[in-house]
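Mind docking chain B on chain A? Use the hints.
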Amino acid sequence: MIVQDQKSIVARLISLLCKTSQHQNILATQGILDSLASILASFVVARGEVIPGAENVAQCDGLYDAFPDPAPLGASLALVLGAISTIIADSRFRTCMLMCSPAIMAVFPSVDSTHPPREAKAAWTALEVSNLGSLRTRTPGAMDYLLPVVPITQQRPLSGQLAQFPPLGYSPTNDNLAAGVRSSAAKFSSWDPGRVETGSPGSDPEIEDVESPLVPWLIHLVRSTSGIERVMAASVLTSLYKAGFAIPERESAIGILVIPLLCRLIRDHDKLVPAGSLKSNYVDGDTVSDWAILERTPEVLARLVADSDFLQQAAADCGALKMAGKLLKNAYEALPVQTTPRPWSPTPDRGASPEEGLPTCRIGPAGHLPIYAHRIKMRESALKMMAGLGALKEEYRKALADPENLQCIVESLTSTPTKPMSPLEKQRQGKSALTQVGGENSPYGFNPDSVIIAACHAARVLSRSVSNLRTVLEDSDLALPIYQLLRSPNADIQIAACGVICNLVPNFSPLRAVSQSIPKLGILR
Amino acid sequence: MKHLVAAGVLTTLCEHARSENPGLRLNAMWALKALVEGADVDVKKHALEELEPGWLVRLILDDTEDDALHARTQLRGQDADEDEDMDVETPEDNNGAPTYPGSQSALRAASPRVQRAERKVAALREAELSPTRKARNDDLAIQEQALTFIQNLLSLPSAPGEMVDYIFAEFGQDRFFDILASKLRVKVLHPFARKHAVGVDSRVLYPQAKVVAAVVYVLVNIAASIPKHRQLLILQTELLKLLSGHINSRDTDVRRAMCHLLSNLGEREGDADIPGGEQRADELRRLGFLSKLEELEEKDSDLDVREKAKAAAWRIKAASS
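Protein chains in written order, with the working numbering: chain A, 1 to 525; chain B, 526 to 846.
Don't read these hints as lab results, they were simulated from the structure.
Even glycine gets a Cβ: it sits at the ideal position worked out from N, Cα and C.
Just some of the chain A residues that point at chain B, by a computed CB distance under 8 angstroms: (1) S91; (2) C100; (3) V505.
Chain A on its own, in the form it takes in the complex (with noise of 0.2 angstroms):
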């Protein structure tokens, strides 16, 4: 059991500080993802869904080493998919790394199934003789067996009722979560192993990669996890997914298998913050859990959609436009109790402090509060899942450019955020209110760099859209802050910055001319 705790312990670490590629290469090159692949391969096991006859595949490729034990009992599969997906982020080299370490190999070989249960196969001819899937491409591998089967959608975009289609296949039990090497293909039970075809090792090396059953597992794993569990295997599977390593009918499956749930987790966890966790440093257990996806999810979605029509479609269709406006305008609600930024400081006011007795016995003064934390990681979320439902659908950019949205996207370009309001509105307020909200202590907290470099995402994804730059842009106050934000200190914030302005100066765009205001305010030197 302390063995398993320090792996915990370790894993967390990993999620919460390996954020640059530079550690998350020294990760992947050193070993570290090995190892957690291989504790990922030994919840495979436990949960009986290694592929039938991998063991003597492993045998054959000299694997037999890498077949891990089942997972212990205790041992948290959240945070293991939480490292690794920390580990492996948006780089093609660390995913292949996590696909190809010599676990995730030995429990999941590529090899073809040519006997598929019965059931399995009518639903299959059903959707093929119903032309909604063609089986003929590819012989199914033993995972997809775990997967109900979607139709396959190839030229037209797929209408959203058949997100409904019934269930087939498989329904996941807790009862063959046994141990041991020899069961641990129990899912599968209704196969012989000996039946299984492994892929003639003396076919030719060069042949086409065959995708890894990982991806497959992860899709069932969404299906069969909940809460933080199935955020951080979407997570995973974003990541093989957007780096190329599955096939293309997986498209369709995710779309209709997993967008939907990560959409009801975001619904299902977005619930009115008790009134106690407003004010104070305590926060219950259910709310943790609850801020925690809540957090993470709308990122993993903006991830998994941002390249693809047909999943951004998906997304729409399960009310993730509106889901995105109402988590923004959430983070902006303001809060009741302010807590003073502190900046960093060489010589810190000793004297105001009431504590008394040696340095370091004293607790130091309060910190943020829980829920401060939260809205600004949700802002952060929530803007990037706008930035990703908008990337490719005009229709899409015009409904996120709604002006309650814009007004918080604008508050979200400055670090002293204000309370969002409409520029007329801003207007009538006059100055005098304004810098006094802005002070000392706002009800709106600062934005991190990381909050503003999303909103500049944001807002280029949304004046990507021509009709968009002439409306609502125009009337919005967005231009000014980002060229205000060219100046910034920050050279990722500058980055960001010119983006959106390649936007926001073509020759049709009327924000073009709003920089002629520019020189008042200093920027041009």
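Same frame as chain A, now just chain B:
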């Protein structure tokens, strides 16, 4: 200047175009390119003035990131004995392939599947972590944007030719064509590099499709302006010869751009341009462009290229004597 429209932004962007950060240089050039597109003549001239022609030339010609990397590696090579903290990974230290458990003999006799996985990981590692490749990609992206910036400067439907003359005056006409030609040639980087400077040895760089297409589009806009400039362009035999090597490029965009250019060169504007048009058509024929166009018209895999090649060939034939 009435159109100080984007003055504040323009100044800042030009400053960023000189940043040490390649990402910022790239995005700033991208924004500048968008800003001058369709802008009027004052804004265009102001933009070039602010960016400074000399700096623009460096953005196009220099492989800044590659040179910087080269300098760093050289330095590292010199004091490799003392300097052990490696933040740039060199190929020797752990090749990144997952270490497979089991005995060494198992490793040697790795199954095809394991070997395949190892190869894939190694290839992706090279693609993603190699500092040389990153520097090269950064440089190419910036060069492409800088060329597109010029392309956008040149087009001025309200006063065709004015910006072309301006740019010729700023850069020097011959120098300008030299710069463009250099992007179509093979370039040898660090010809005298020392062998132990790992990663950045002497390398040969072939012209990249995106940069080539950007060069051709600059010429397209010159050829689109006035007969005088078309006449100037047709006299650049050296440049045209280099271009003829790219008309069969594997990149569709390059082929399309070439058809566009040839079509523009074949155009005649009014009666006064008839002798000029004839001369240009003869020259293009002499350099073998007409037969290449006819080849594209017949065999190209891309419908758009076939159509454009047809139009260009027709024009050249119509113009020739």
